[in-house]
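Protein chains: 2
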Amino acid sequence: MSRSTGDEAGSRRRIPEATVVRLPVYERVLSGLLRSGATTVSSEQLAELARVNAAKVRKDLSLLGSFGTRGTGYDAQFLISQIDRALGVDRDWPVAIVGIGNLGRALANSEGFNSRGFRITGLYDVSPEVIGTVVGAVTVRDLARLAEDPCPAIGVVATPQGAAQEVTDVLTRAGVRSILNFAPQVLAVGPDVMLRYVDLSIELQVMSFYQSRRYAEEGDVTRLRSVGLSPTREP
Amino acid sequence: MSRSTGDEAGSRRRIPEATVVRLPVYERVLSGLLRSGATTVSSEQLAELARVNAAKVRKDLSLLGSFGTRGTGYDAQFLISQIDRALGVDRDWPVAIVGIGNLGRALANSEGFNSRGFRITGLYDVSPEVIGTVVGAVTVRDLARLAEDPCPAIGVVATPQGAAQEVTDVLTRAGVRSILNFAPQVLAVGPDVMLRYVDLSIELQVMSFYQSRRYAEEGDVTRLRSVGLSPTREP
Numbered sequence: 155m156s157r158s159t160g161d162e163a164g165s166r167r168r169i170p171e172a173t174v175v176r177l178p179v180y181e182r183v184l185s186g187l188l189r190s191g192a193t194t195v196s197s198e199q200l201a202e203l204a205r206v207n208a209a210k211v212r213k214d215l216s217l218l219g220s221f222g223t224r225g226t227g228y229d230a231q232f233l234i235s236q237i238d239r240a241l242g243v244d245r246d247w248p249v250a251i252v253g254i255g256n257l258g259r260a261l262a263n264s265e266g267f268n269s270r271g272f273r274i275t276g277l278y279d280v281s282p283e284v285i286g287t288v289v290g291a292v293t294v295r296d297l298a299r300l301a302e303d304p305c306p307a308i309g310v311v312a313t314p315q316g317a318a319q320e321v322t323d324v325l326t327r328a329g330v331r332s333i334l335n336f337a338p339q340v341l342a343v344g345p346d347v348m349l350r351y352v353d354l355s356i357e358l359q360v361m362s363f364y365q366s367r368r369y370a371e372e373g374d375v376t377r378l379r380s381v382g383l384s385p386t387r388e389p
Numbered sequence: 155m156s157r158s159t160g161d162e163a164g165s166r167r168r169i170p171e172a173t174v175v176r177l178p179v180y181e182r183v184l185s186g187l188l189r190s191g192a193t194t195v196s197s198e199q200l201a202e203l204a205r206v207n208a209a210k211v212r213k214d215l216s217l218l219g220s221f222g223t224r225g226t227g228y229d230a231q232f233l234i235s236q237i238d239r240a241l242g243v244d245r246d247w248p249v250a251i252v253g254i255g256n257l258g259r260a261l262a263n264s265e266g267f268n269s270r271g272f273r274i275t276g277l278y279d280v281s282p283e284v285i286g287t288v289v290g291a292v293t294v295r296d297l298a299r300l301a302e303d304p305c306p307a308i309g310v311v312a313t314p315q316g317a318a319q320e321v322t323d324v325l326t327r328a329g330v331r332s333i334l335n336f337a338p339q340v341l342a343v344g345p346d347v348m349l350r351y352v353d354l355s356i357e358l359q360v361m362s363f364y365q366s367r368r369y370a371e372e373g374d375v376t377r378l379r380s381v382g383l384s385p386t387r388e389p
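Each protein sequence line maps, in turn, to chains A and B.
Quick note, the first sequence lines up with residues 155 to 389 if you use the working numbering.
Quick note, the second sequence lines up with residues 155 to 389 if you use the working numbering.
In case anyone wonders, no lab produced these hints; they're calculated from the structure.
Hints are all accurate, no fakes.
These stretches of chain A come out as covered by chain B in the derived footprint (C-beta under 8 Å, 3 or more residues):
no.: 1; region: 244–256
no.: 2; region: 259–272
no.: 3; region: 332–340
Some chain B residues judged to face chain A by a derived CB distance under 8 Å, without partners named:
no.: 4; residue: Ser264
no.: 5; residue: Ser362
no.: 6; residue: Gln365
Just so we're clear, the structure is a prediction, and the values are computed from it rather than from any experiment.
All C-beta atoms, glycine included, are put in the ideal place defined by N, C-alpha and C.
Sequences and hints are given; from them, build the entire structure.
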């Protein structure tokens, strides 16, 4: 895996996490536009489709060093390549998934885990019924063999809650320094390991927050106020 | 489903989305602490476990009207009930999932979709092999029958990309006004429908962003700098 120069690190340092999280959304919208035949995109169009306000889109893209042309907008293909470079997905990221239940299978088969720099190089489980089966193009191996295989850049924990810490320990002992945890379990790792959590129900809870608010507003004004319900469109 | 008063709507309006997204994380950490026997928690402890800085935790919780006691901290159980009320998960949210493949099954069986106000009331698919099977305690029904069933508060799209828009149309025609979309597809809905996206690979991309930066830093200083790698701990 190639390493960047100090210059790249410098330019990356200035991108705040709130922007980093929006970049994959822009990328998806831009890819959709390209597929539909568009070659350029305005910040208003990108904002509308990504459900972000246009000023924020322009600010985010300016952080990548990208500036649209008045009246023409942004070159969609060029913008995608800039986003990919900023996200680091112009590299090769070997990914291992541990826990090949429904979620592990869904991830292994998903587009997001098999494109744009990510490549599933290992699937692991402890169940004899699962070990040896093929998911996508990868044969599930015994978790006990993980340390024998080439070390992945990113380890994904898709096990039940009770197994998550043990699996994380296996991954970090094997040298994995980036862990993405889907199990509903707070994990302990050393200071040199980057750990991020995905909670599949967070958006469900965010939705109930806004829906509650909407019910309250409707009760208040006695009729549906359908404006401004999409949270990310609000000021 | 009960509706709130105008007062509640007023108090909810002030919570920014960035805080809303962190509340489920605090809730999970607090539940973990309760299970381990703790009854109070300091903002520093909560910050450490939620990987957010302590000042932000205090700010977020003050938005709920919750203030810790110096030297004692917050009452964990009380804080959970306040978070639940703010998120609206102290109500009953019937949820329908469409697309009972690996992802739909994983969601249907997940803790997050079966607790804290959420209740799966319908599972739908179009495949004759899947219709009639039981997942969790719910029998999968034909999507064509969805309109005959009681209308869920939230519809979850867990289909392949190509079917997502059609399924969304079926849901909204049946009266569903909140759609949570897991398919990698930008969807069109009317202005009275709240639509949110979940991209399972966003955190993978955020991770590659920070990992790239780390490689760059290491290349720069020729040895591992293990400080400040966890992005949410940075200033």
